[in-house]
Structure formats: C-alpha cells, structure tokens
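Taking the hints into account, I'd like the entire structure generated from these sequences.
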Amino acid sequence: MTKWAMTADLGRCVGCQTCTTACRHANNTPPGVQYRKVLDMEVGEFPDVRRVFVPVGCMHCDEPPCRDVCPTTATTKRADGMVMIDYDICIGCGYCILACPYQARYKVTKPTFAFKGEATANEAQRFDERLLGVAQKCTFCVDRVDYGLANGLTPGVDPEATPACVNACLAKALTFGDLDDPNSNVRKLLDKNKSFRMHEELGTGPNIHYLWETEDK
Amino acid sequence: MSEQEEAQPQMRHLGLAPWLQTAWDLRAAGNFIGGGSGTGLLILTSAAAYYGIYSRVLLLAGLALVGLGLFSVFLEIGRPLRAMNVLFGGKRSWMTREAMVAGVLFPLGAAALVYPDLVKVVWIPAAAYLYCQARILEATKGIPTWRSPLILPLILSTGIAEGAGAFLLLGPLVLEAGIPEWGGAVLISALAARVFVWMFYRRRMVDGGAPVAAAAVLIAFSGPFTIGGNVMPIVFLVLAGLQPDMAVAALAAAGLIAMLGGWALKITIVTKAAHNQGFAIDHSPARGSGESGVGFKPGWREVPKDKT
Amino acid sequence: MSPAPAKPAAKVEKVATYCYQCVAGPDLMTVKVVDGIATEIEPNHKASGYHPAEGKVCVKAFGLIQKAYSPHRILTPMKRTNPKKGKDQDPGFVPISWDEAMGIIADKLNTIRAEGLLDEAGYPKVAASFGGAGTPTQYMGSLTAWLSAWGPIDFGFGSGQGVKCYHSEHLYGEFWHRGYVITPDTPRTNYIISCGNNSDASAGVCGVYRHAEARGRGMKKVQVEPHLSVTGACASEWLPIRPKTDAAFLFALLNVMTVEARRDQLDIPFLRDRTSSPYLVGPNGFYLRDVTSEKPLIWDEKTGKPVPFDTPGAVPALEGRFAVAVAMELGADEERWELKDVSGTTAFTMFAEHIAQYTPAWAAKVCDVPEARIRKIANEFLEAACVGQTIEIEGKTMPYRPVAVTLGKTVNNGWGGAECCWGRTMLTVLVGALEVPGGTIGTTIRINRPVSNRLESFEGCRDGFMEYPFNPTDRDSWKSKPSIRNAYSTLVPLVGNSSWSPALGPTQFSYMFLDEPQEKLPRATFPEFLLVYRTNPVISFWDTDRVASVVSRMPFVACFAVTLDETNHFADILLPDRTDLEGLQLIRIGGTKFQEQYWDCQGFALRQPSVQAQGESRDFTDIATDLAARTGLLEKYNAAVNRGSHGVPLKGANWDFSLPVDKVHTAEEIWDASCKSASAELTDGKEAHGLDWWRQNGFRTIPFPVANWFLTPALAEKGLRYELPYQERLTRIGRQLGNRLREFGINWWDRQLEEYRPLFGWHDFPKFWEDHVVECGGKLADFPFWVITARSMQYAWGSNMHIPLMREVSGNVKGHDGVVMNPAAAVKLGVREGDRIEVSSPIGKSVQGRVVLSQGIRPDTILMMSQFDHWATPVAKDFDVPSMNKLTAMSMSLTDATGSAADLTRVGIRKVGERA
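Chains as they are written, first to last, in the working numbering: chain U, 1 to 217; chain D, 1 to 308; chain E, 1 to 916.
Honestly, I wouldn't trust all of these hints.
Claimed, not checked - Ranges between beta-carbon positions, derived for each pair:
| # | chain 1 | residue 1 | chain 2 | residue 2 | range |
| --- | --- | --- | --- | --- | --- |
| 1 | E | Lys911 | U | Pro111 | 37 to 47 Å |
| 2 | E | Thr81 | U | Pro111 | 28 to 38 Å |
| 3 | U | Lys110 | E | Ser658 | 57 to 67 Å |
| 4 | U | Lys188 | E | Ser658 | 47 to 57 Å |
| 5 | D | Gly103 | U | Asp180 | 34 to 44 Å |
| 6 | U | Gly44 | E | Pro71 | 41 to 51 Å |
| 7 | U | Glu45 | D | Ala249 | 54 to 64 Å |
Simulated from the structure, these hints should not be mistaken for laboratory data. All values reported here derive from a predicted model rather than from experimental measurement. Built from N, CA and C at the ideal position, the CB exists for glycine as well.
Next up, the structure:
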C-alpha cells in the first residue's frame with residue numbers, strides 16, 4: 001500500500017513563507033487563501049522565550065472529520081491517503097470547514113484578485129470558476145503526484161512529482177513521501193527523529209509529522 | 001479574499017489562537033432554531049394525539065418552523081443550485097441524514113394534515129430530525145464547543161423545551177380544550193434537564209474543554225441564560241399553578257421565554273462561542289544541538305505537557 | 001476526484017532565468033509560462049549540484065509575476081508638469097514618448113558636457129543613486145558602460161549605505177582579511193556566535209539552506225541580540241543583550257579565552273606565524289624595527305635576540321617583554337625614533353594585558369548578559385574550535401576550526417562597530433579560525449581588486465602584511481579637496497578608492513553637507529542631474545524627511561520607475577525599464593561573494609524575458625545605447641562594452657567578439673556577443689554559444705576550487721601575516737589624517753580620529769546615543785526606549801512593497817504589522833496589543849503604529865521591522881505601518897570614523913488610540 005505523508009522539521013523551518021508563496025502560485029489560490037502557511041509561534045516568557053515556525057495545512061487525516069461530515073461526498077479519501085474535494089459536487093455548505101480542526105479549508109464566494117477589483121493577466125488566465133462557492137484546501141499537489149506516478153517518477157524525490165511547497169522549501173524542512181515504504185525519505189526521517197502530530201488527541205490521524213528532536217538525544 | 005481571511009484579526013500574526021468561525025452565521029443558527037423548536041413542537045403535538053388532542057395549526061406550525069430553518073440554511077450554501085447533492089452523503093454525514101429525515105417528516109406531516117391518525121407517528125421523524133441536528137454539531141471536530149458529547153443532551157433537551165414552550169404559547173389559541181396539564185410538566189422537566197446539562201456543559205468547556213475565548217462567551221451567557229431562559233419560565237409555571245386565574249397567560253409567558261431562551265442558546269453556541277481549534281505544538285524543537293522545549297497551545301488554558 | 005486543470009491543452013514553457021533582487025542572489029529559477037502568460041515561479045532544479053542551495057528560489061522571487069503585471073506599473077515615459085516639488089504637491093506626471101523623454105535627458109546631459117562635467121566647487125554635475133549591495137547592476141544591462149563612458153559622476157547619494165549595510169565589517173574586514181562580507185564556513189562550522197546577524201532573513205536562499213543543513217548535523221548557534229529575530233528563533237540559544245553593548249560581550253569572551261583558559265587551548269602556531277602577535281612594540285606605541293631594513297622586529301627564542309620578523313629559521317616569542325639594544329620606530333609622517341636599550345613588548349602581550357580589564361563580571365553589568373553565560377560560551381567556543389586538527393580539501397591539508405563569529409547590522413554600524421569587528425576577528429584569531437575550513441571567512445572584496453578572486457588581491461608589504469589601498473594621508477597626496485560631495489577620500493582612509501568607495505563613504509554627508517556646509521570643505525552643491533535606479537532613498541535612508549527635502553530641491557531628477565514611489569514623486573522624468581521578468585542580461589555567478597555565496601563552481605547566468613514587455617517599457621541595454629548615441633558617447637560606450645564594463649569582456653586570449661564601436665547595437669546583439677564571449681571564457685575559447693544557446697540552457701559553470709574559499713593558506717604561501725591584534729598601520733594613518741585635518745583647519749572630525757587606536761577598547765557606546773538626546777535639547781527621561789529594526793526576508797532589498805503577495809505572506813511573520821514591544825513595557829505604558837502609539841525621537845520626528853506584543857524583545861527596546869512608512873508607493877501607502885527611518889538622526893556626532901551611523905535611536909512612546 002501507499003500512504004502519502006509529509007514531515008515538517010521544526011528545527012529546520014525558518015518561517016520564510018517560501019512554501020506559502022510557492023503553493024499560492026502552484027494552486028493559483030486567491031489572495032488570503034493559503035493551503036500551506038507557516039505559523040510564527042512564541043513560547044515562554046522573556047527572557048526564556050522560543051520562537052517556533054510551524055508549517056500547517058490540510059493534514060490528509062486517516063480519519064478525516066471533513067470527509068465524515070460532508071453531506072455530498074465531495075470530500076473523499078483516496079486509497080493512497082489523500083483527502084480530495086470534488087469541486088463539481090460540493091455545495092459549499094461550509095460544514096467541512098468547521099469540522100476540520102486544522103483550519104485548513106477555505107471557501108471563496110466571489111472572484112478576488114491581488115489588486116482588488118482588477119484581475120492581472122495571470123489571474124485572468126488562470127481564473128477557475130469551479131472554485132467559487134465551494135470548499136478548497138491543500139491537495140498534496142495531487143496532479144503532480146499522479147503525473148509523476150504515471151511517468152515512473154517518485155513523489156517526494158523527483159521534483160516534477162513532488163508538492164510545490166516541498167520543492168520550494170529552502171531549509172529542506174518539508175519532506176513528502178510514502179509512509180508505508182520503509183525506504184522512503186519520510187519514513188527514514190521519522191525513524192531518526194522524534195515527532196508529534198498536531199491535535200493527535202482528536203483521533204483524526206493527521207499525516208503531517210512534526211520532527212522536533214533527533215532520536216539520539 | 002476568503003471569508004476566513006477577512007475575519008482574521010487586524011494584527012495578522014494573531015491567527016494562532018482559536019478564532020471565531022465564520023463559515024456558519026445566523027442563517028445556520030436559524031436551522032437549529034427552526035429545527036429544534038419545530039421538531040419539539042411536533043413531538044408534543046404528536047404526543048397530544050395520544051390524548052385525543054389534534055391541531056392542524058400546531059402541526060403546520062411545527063412543520064413550518066422546521067421548513068424555515070432549512071430555508072435559512074439554504075441561503076448560506078455556496079452553490080444553492082446543487083442543494084440536492086446534500087442527499088449523497090448518507091453513509092457518514094448527519095447533515096445528509098437530517099435531510100433524509102426531512103424527506104420523511106414533511107410528507108408524513110402533510111399526510112397527517114389529511115389523516116389525523118398519522119399525527120401519532122409524526123414524533124418519530126421529528127425526534128430523529130432533532131437527534132440529527134444534535135449529531136451535526138457533535139460531529140464538528142473543529143469546533144470544541146460543538147464536539148462535546150454534552151452537546152447531544154443539550155440540543156435534545158432544549159429542542160423539547162422550545163417545543164413545549166411553543167406548545168404552551170400557541171396551545172391556548174388553537175386548542176379548544178386548552179392546554180393539557182402535562183404540557184406544563186413537560187416544559188418544567190425539559191427546562192430542568194436543559195439547565196442541568198447546561199451546568200455540566202459550561203463547566204466542562206470552562207475547565208479546558210474549549211478555547212479561552214469561547215469559554216468566556218459561555219461564562220458571560222450563562223447567567224442571563226440560566227436565570228432568564230430557565231428559572232424565569234419555571235417561576236411562571238409555578239405562578240400558573242398557584243394563580244389559576246393567571247394560568248393561561250403565565251403558561252404562555254413561560255413557553256415564550258423558554259423558547260426564546262433556547263434560541264439564544266443556539267445563537268450563542270453556533271455563532272458566538274464557536275471558536276475553532278486553533279493550532280498547537282507538543283514540543284518546541286531543538287535547534288541544532290540546542291535543547292528542545294515545552295509545547296504550546298495558544299488560546300487554551302491548558303498547555304500540553306512535554307512528553308520527554 | 002482530483003481537481004482537473006482549469007484550462008487544459010495550453011502551451012506550457014519553462015523559462016530559465018534568475019532573481020537578483022537582493023544581495024544574497026542570484027537565485028536561479030524557472031518561470032512557467034502558459035500561453036504566453038507567466039503563471040508560476042519555480043526553482044531551477046537543473047541547477048541542483050551547481051547552486052549551493054539546489055537551485056531553490058527565495059520567497060521574494062515569487063512576487064515578480066505580480067510586479068510584472070501590476071496595474072500600478074508605469075508603462076510609458078512620463079514628464080512632470082508641476083514645477084513645484086513637495087511631498088504635498090501632485091507631480092502632474094503626463095505620458096510622453098520615449099523620443100521626447102530621452103531628448104529632454106540628453107539635452108540636460110549635453111548642456112552639462114558642453115559647460116564642463118564639474119561644477120565650480122569641483123563636484124560632478126551628474127549624480128546617481130543606485131540601490132544597495134550592487135543589485136541594480138544585475139538589472140541595468142549595459143548602463144554601466146554608459147556610466148564609464150560619461151566621466152565623473154557622484155555616486156555618493158546613497159540609499160541607506162552606512163546604516164543598512166555591514167559597514168564596519170566591510171572596511172575592517174577587507175583590511176584585515178580581504179573580507180568585505182564575512183560569514184561562517186557554514187558547510188563545516190559547528191559553533192557560531194552571532195551578534196545580531198540575521199542570516200535566516202538576509203542571507204538568502206543559500207543562507208537559509210546552509211544553516212538548516214548545519215543545524216541538521218548539530219551545529220550550535222548562540223544568538224546575541226535585543227530582540228528574538230527569525231535567526232534568533234532558529235538559534236540554539238538567545239541572549240537578549242542591551243543594545244550597542246556587543247563589544248563588551250565580545251571583549252569578555254576574549255578575556256575568558258586569554259586570561260582564564262590555558263594557553264594550549266589557543267592556536268599558538270597560528271598566532272605566532274600568521275599574525276603580528278610576536279611583533280615587538282616600542283615605547284612610542286609603534287613596532288620596534290630593524291634599523292637597516294626597517295622591518296618590524298620579533299624576539300627569536302632560538303637565538304635569544306631580536307630579529308626582523310621574516311628571518312629564516314627564527315622562532316618568534318609570542319609573549320613577553322624583551323630588552324632590545326638597538327632599534328627604531330616609525331610613527332606618523334616624519335616621526336622616527338632611533339632607540340637604544342629599550343624594552344620591546346610583544347603585540348600579543350600588549351593585547352593580553354589590555355583585554356584583562358574586560359572581565360565577564362564587568363561585561364555582565366554593561367551588557368545585561370549573565371556572567372556565567374559569557375564564561376560558558378567562551379569555553380564552548382574554545383572546545384568547539386578543534387585547535388590542532390586538520391582537514392583535507394581537494395588534496396590540500398588545511399587547519400580545521402569549525403567555529404565562527406558573525407555580526408549583524410547595527411552591531412556593525414556606527415560607534416562601537418569597529419570594536420565589535422576587532423573583537424570578533426580576535427576571537428577567531430585566538431583559535432586560528434580565521435579564513436580556514438569551518439571558521440570565519442570573507443567572501444568578497446570590493447575595495448581591492450580583482451573582485452573575481454580575492455586570493456589574487458594581495459602581495460606583501462614591507463611589514464609582512466597584505467598591502468591595502470588606503471586613501472592617502474601623507475602630506476603630499478592627501479586629498480584636501482574631495483572628489484565628490486561626501487568627502488570619502490578626504491576623511492576615510494579605509495574606504496579606499498574603488499568604484500564602490502563613493503557609495504561606501506559617509507553617504508549621509510551627501511545629503512547633510514548640502515544644508516550644513518562644513519568648515520574648510522568646498523561648499524556642497526546640488527548636482528544638476530540626478531539619476532535614480534532601483535532605490536528609494538526617501539524611504540530607505542535615515543532621517544527620511546530630510547532626504548525628501550534634499551531630493552525635492554534637486555534641479556533635475558530622472559528616475560527609472562516601476563510604480564510611483566516616494567523618491568520619484570520628486571522626479572522630472574520617469575522611465576519605464578523592462579523589469580525582472582522582461583529584460584535581457586548575462587551576469588557572472590558563483591565563485592565567492594556576499595552572503596553565503598561561495599560556490600564550488602563559477603560561470604554565467606542569463607536573465608531573459610519570460611513575460612512580454614508590458615506597455616512601452618524598454619530593455620535597459622537599449623536605453624543605455626540610446627543614451628550613449630544621444631550624448632555623443634557611442635564610441636566610448638561601445639568601447640566600454642567591449643572592455644566588459646557590463647560584465648563580460650568581449651575579447652579574450654584567443655577569441656574576439658568585439659562590436660564595432662561606431663554603430664548602434666541592439667540589446668540582443670550586445671548580449672549575443674556577450675554570450676559568445678562568456679562561452680569562450682568558460683571553455684578557453686573552444687566554444688562560442690550565442691544567445692540562443694543560453695536562452696535554452698539558462699546558465700553554465702566551470703569548477704571553482706573550494707580551497708579558494710580560504711585566505712589563510714594563500715597568505716601562508718606568501719609568508720604573510722594578518723595585522724592582528726595590534727593596529728600599528730591604522731594608528732599611524734589615523735595620526736597622519738589628524739595632522740592633515742589640523743593643518744587644514746578641520747576640527748569637526750576630531751572625535752572620529754579617536755577610533756584609530758592600536759588596541760580597540762570599550763567606550764560607553766550607548767551613551768553616545770543618550771548624549772545625542774541632550775544634544776538635540778531633549779531629556780533622556782523623555783526617551784526611555786531604544787528602537788531597533790530587523791530585516792524582513794519577504795521585503796529586504798526587494799523594492800517590492802507594492803506587491804500584494806509579499807504583503808500577504810509577510811503577515812504570517814510577527815512584526816510586519818506594527819511596533820513590537822515587550823508586554824512588561826506595554827503595561828508600564830498602559831497599552832495593549834493593537835493599540836495605536838506614537839513613537840518620537842530626539843530629532844523632533846514621530847511616527848504612529850499599532851502595538852504588537854512579544855515576549856521576544858527586551859523591555860527597554862522596541863522594534864520596527866523593515867522599512868515601511870510609504871506615502872506614495874501604491875499598495876504600500878495603505879499599510880499604516882511605521883518605520884524607524886524617519887526617527888533616526890543624521891548627525892556628525894553619531895557618525896563614526898568609517899563614516900557610518902547606526903539604525904538606532906532613543907525614543908519616547910505615548911498612546912494615541914485604542915485598538916480598532
């Protein structure tokens with residue numbers, strides 16, 4: 001079996017938001033819709049303070065609450081673990097947005113552009129009416145992954161088959177791969193590092209694993 | 001810009017702690033209000049049939065409330081022309097199940113207008129509909145104040161309380177024999193249950209079950225709701241018992257207040273104390289050969305323990 | 001269920017190009033073009049294996065598509081119609097043709113040329129202001145050839161240089177070890193002490209990548225700074241030091257290593273053989289010299305005698321005082337002491353005795369860093385230095401010292417900057433970690449030549465050091481008459497006289513002296529023609545109201561403009577060039593330069609259009625050629641192109657693609673010839689690929705030896721030493737400069753002359769700024785806070801404030817929306833998160849902004865990130881976020897000897913509104 005997952009090495013991430021911008025480009029999302037973004041967290045009190053950069057987005061959960069609540073079956077989970085939205089079925093009820101404990105879903109009801117009313121040439125060219133009034137979120141760049149698999153590439157290794165945020169990450173903090181493959185990059189990273197998953201207590205089985213310390217410590 | 005983005009605080013970096021959801025507003029709350037009060041009324045109307053009381057007006061009123069609720073939420077969806085897709089998700093979604101139950105409730109209710117005997121079974125889809133509504137909230141994992149298991153008895157008890165309230169309010173106008181005696185008893189029981197569940201629910205939310213901001217809303221709401229929405233109607237019910245000459249008016253007042261109290265509860269839970277989960281980390285990372293540190297859960301009372 | 005592409009069957013191209021918006025470039029990238037429209041920026045994965053960060057692309061590059069298609073772009077040349085120039089005046093720009101615009105500019109220039117290139121005061125009538133760090137040259141095509149053809153130009157009207165750069169490091173670093181920019185050897189280093197160096201925001205893709213890799217292998221970084229920057233966030237430890245006291249911290253580390261540590265923990269062979277530590281210092285403070293050769297003396301332990309430093313077989317004594325029978329000292333000017341029976345003290349002993357006063361206990365009080373932490377860090381540094389170990393690189397055995405010390409902006413600028421540079425360099429010197437693998441290395445030179453290889457930039461001088469092109473201070477050749485308005489060659493010997501020097505000098509003087517004439521200097525005059533490109537000094541300089549006032553009085557200003565901004569608001573002519581994704585240019589890449597830009601290869605990269613030129617925008621090379629033709633400089637200009645002023649000489653050892661000098665050539669012709677020549681240069685003349693090949697391939701490199709990253713082995717090969725710790729040359733030059741200035745009657749530079757000392761010491765640097773409050777007529781109690789700034793990776797150097805995507809994603813990083821303040825300070829002030837405050841400085845200026853609470857800042861300090869406060873730039877003018885640039889003083893008393901000032905001032909704060 002294949003189970004796509006991501007690791008985010010918190011020791012590496014610098015919060016530069018290059019993944020955010022790369023995602024905005026790759027997925028042509030409207031202003032403010034960030035499938036991938038990096039949070040800037042401050043932990044502790046002066047002078048014992050830490051600042052932690054935390055990449056977040058859809059966790060492609062094992063038990064996605066968004067899928068469970070979806071009244072239309074627009075949200076589904078593929079056999080390889082990716083949680084998908086069929087924009088042609090979704091009615092935009094917003095229920096999945098509320099069900100997601102990772103705040104990963106967005107709904108945009110009217111065309112919006114970087115420079116307010118006016119679409120730039122690239123925005124006009126890429127405008128996709130299907131995404132209005134429906135839920136949208138990170139797809140793990142499924143089009144790249146599927147293209148790669150169809151062309152004999154390895155997602156997470158070959159850039160053409162890898163999510164844009166991972167390709168763009170300057171610090172190599174983000175890694176994508178098959179959790180079920182013992183030789184995959186993500187599996188190896190998880191073997192070497194201690195990790196946690198966000199809000200794991202909610203039973204969602206999220207598939208972004210946060211690395212926070214090496215195992216040898 | 002997305003709706004969420006527009007609702008983000010002006011200081012953009014503050015979007016770490018849970019913030020008030022914006023996907024569902026008063027229109028969605030309207031569904032829970034109409035659905036709760038409507039099904040509650042239908043359940044009481046159905047129960048009354050066993051006592052030989054039959055009122056088309058109450059039946060219609062109950063169905064109308066449910067229908068208004070559904071229409072209200074219809075106004076909120078992004079693609080209304082595809083509204084019937086809502087029926088596809090019966091395998092998992094309580095929203096689909098609610099819609100399916102509505103598909104039984106309305107024909108049955110309509111038929112009961114013609115065949116009064118059918119009123120006796122209207123309570124079944126009505127109760128199912130009310131239960132679906134409770135489960136809709138409970139399944140919303142992203143909103144801590146909704147996903148609490150206590151939301152189930154709370155929504156059910158307030159539905160009955162609202163329905164009983166509507167029954168006491170409308171009964172004198174439409175029932176020739178007036179309100180049956182058990183009407184007041186049902187309301188007082190439902191109110192007692194509601195306030196009892198509320199106390200537990202509120203405490204659990206305030207004790208770390210909900211983000212601080214959501215808990216604060218519940219704390220602020222609790223006094224007025226307990227006194228105004230629950231104690232006051234009980235007082236009116238007691239007054240009705242003590243002063244028979246004022247009974248009709250007192251019962252109606254008790255019913256009205258009990259119903260409005262339920263509506264306020266839903267508006268509060270659905271649109272005001274509806275903060276999302278926010279973000280959290282279990283550990284601060286080690287940077288290079290530095291030390292790792294504790295986790296962080298902004299906007300919550302509890303801080304997850306460092307598991308090291 | 002996957003989302004199908006919205007518009008399938010489109011024609012998709014990937015155009016290889018580069019982004020060089022900031023000093024940390026170039027980022028090699030590809031632009032995805034769909035049906036002729038640029039849609040996505042992506043890394044150039046083909047550069048993996050060549051580019052140090054696998055061809056990844058910085059966040060700023062992703063804004064370039066919005067920059068190209070922005071509706072706010074200026075797309076035709078424009079002419080000002082309102083002769084009044086003021087912040088409150090509408091310039092009344094109207095579109096004109098290129099012919100008219102270039103005609104107006106050429107008329108101005110031709111009149112100047114006819115009447116003389118210098119004005120009556122001797123200053124160039126033409127001035128140019130270009131953005132910092134040399135980035136504009138990566139975009140200005142062959143304009144450099146026109147500048148070269150024109151003749152004298154005043155390049156001193158800076159855009160922040162001296163405050164926004166690493167100024168002291170540039171000058172002292174290049175002087176001591178050919179390190180204009182200094183970084184760790186990040187791929188190998190294991191321990192970094194970073195005083196405010198914000199590399200994770202400002203060292204670009206390579207910086208982020210390399211430091212992350214280093215963290216991955218367990219590198220430890222101690223970040224010392226008043227606020228917790230993104231780099232501090234990524235460091236292993238944060239020490240919130242009191243502003244401007246870094247020198248005390250560094251001196252205390254030196255103290256622990258010199259006074260408390262065992263000597264064998266230091267790199268004794270390095271100190272003895274590669275530094276001037278064993279040189280004997282005489283009673284007058286200069287080296288004791290051999291009376292015949294005039295070479296500095298050392299004490300030879302083998303013979304027990306003083307001998308010239310380069311005596312074969314001598315074993316220099318590192319420490320001690322020695323009796324010398326006959327010697328001499330050479331002082332300033334004619335000072336010359338013939339000495340008998342004197343005591344000579346080694347420079348190292350002088351250093352050790354000097355540093356003994358700076359104990360950790362003393363420093364703890366000064367800089368608010370606990371004594372135990374100081375001691376711990378010094379000892380960790382010593383332990384991590386691996387003294388005695390070696391590493392093999394490309395077959396060469398070199399010392400391995402994986403420790404580094406880096407300095408940030410403000411630490412590195414203004415008073416105290418020199419002391420920090422010296423302290424930092426001495427820390428690495430004590431353990432032999434200077435310019436060796438794993439240690440602290442320079443990456444580029446800008447004052448010496450050749451820029452392409454710093455290892456070839458020196459021979460030895462008499463005293464056994466690398467020679468240095470000081471501006472002369474001797475009586476015969478000191479330049480009493482400045483060549484440009486900021487008087488860099490008159491006042492700052494260290495800044496030298498390369499093409500970069502004018503913009504390194506005290507650039508604030510270019511603005512200051514126009515209104516504050518200084519005694520004995522020719523009165524500064526307004527240049528008759530000011531050319532501005534890729535810079536916005538009215539926002540990015542300091543004391544910005546004053547800069548605006550000066551620019552508004554410039555007789556004629558021509559600006560290349562992407563959008564309207566605060567500087568071109570005062571322009572007479574606006575010219576739209578083809579921007580980042582539209583233009584054509586070949587640049588050099590690789591080798592070693594700037595922030596973390598040291599590659600194991602070198603070569604060229606092409607910037608080529610991926611976006612169709614918008615409106616009437618013109619390629620910069622075509623503009624330069626047109627300007628050359630209209631100003632009668634075509635032949636000189638073409639000759640400069642042939643020489644390689646634009647980056648590539650068109651003629652080499654066995655190839656010649658020179659262009660006829662008497663003809664007008666198109667941009668394509670010029671860059672085609674350049675591409676051919678570049679190909680030939682990389683293949684020793686074997687290949688001559690033209691523009692078409694480079695368009696397809698984007699870049700090409702040949703290996704660059706990693707061994708060339710390190711200067712010390714090259715220094716050793718020539719038998720030379722670093723002049724550290726003792727500063728004999730600087731002391732002499734400082735005294736000579738003082739003599740010249742006194743002879744000339746200049747006494748307003750006296751305080752700056754005090755920086756020329758043989759051993760740098762602590763002065764109460766914060767007090768310099770506190771005294772400035774009083775100098776301005778204020779009371780210190782009214783200005784209880786320090787304000788500092790920090791670079792934003794999303795914005796730094798990018799001229800990209802008008803790009804909404806940058807605004808959006810920078811919002812995810814704390815500090816981009818207001819004034820960062822510690823909650824304890826907020827409680828004292830009675831303000832809460834989001835409240836509106838007014839921040840006032842002693843120069844009578846104030847700004848307003850919202851409070852952003854953070855535990856990651858000292859309670860006595862506030863932070864204003866980046867450089868906001870725009871009032872004309874579209875999009876940015878609606879941010880409502882303040883900048884400290886308006887608050888910072890442009891003053892002689894806050895200018896140090898290198899001509900630099902610091903991004904620092906005392907401020908007062910009051911609440912002016914509740915959170916909206």
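Hints, verified against the model:
1. E:Lys911 <-> U:Pro111: 37 to 47 Å: holds (40 Å)
2. E:Thr81 <-> U:Pro111: 28 to 38 Å: holds (37 Å)
3. U:Lys110 <-> E:Ser658: 57 to 67 Å: holds (59 Å)
4. U:Lys188 <-> E:Ser658: 47 to 57 Å: 55 Å Cβ-Cβ, so the 47 to 57 Å window holds.
5. D:Gly103 <-> U:Asp180: 34 to 44 Å: holds (41 Å)
6. U:Gly44 <-> E:Pro71: 41 to 51 Å: holds (45 Å)
7. U:Glu45 <-> D:Ala249: 54 to 64 Å: holds (59 Å)
When the structure is compared with the earlier hints, no violation turns up for any of them.
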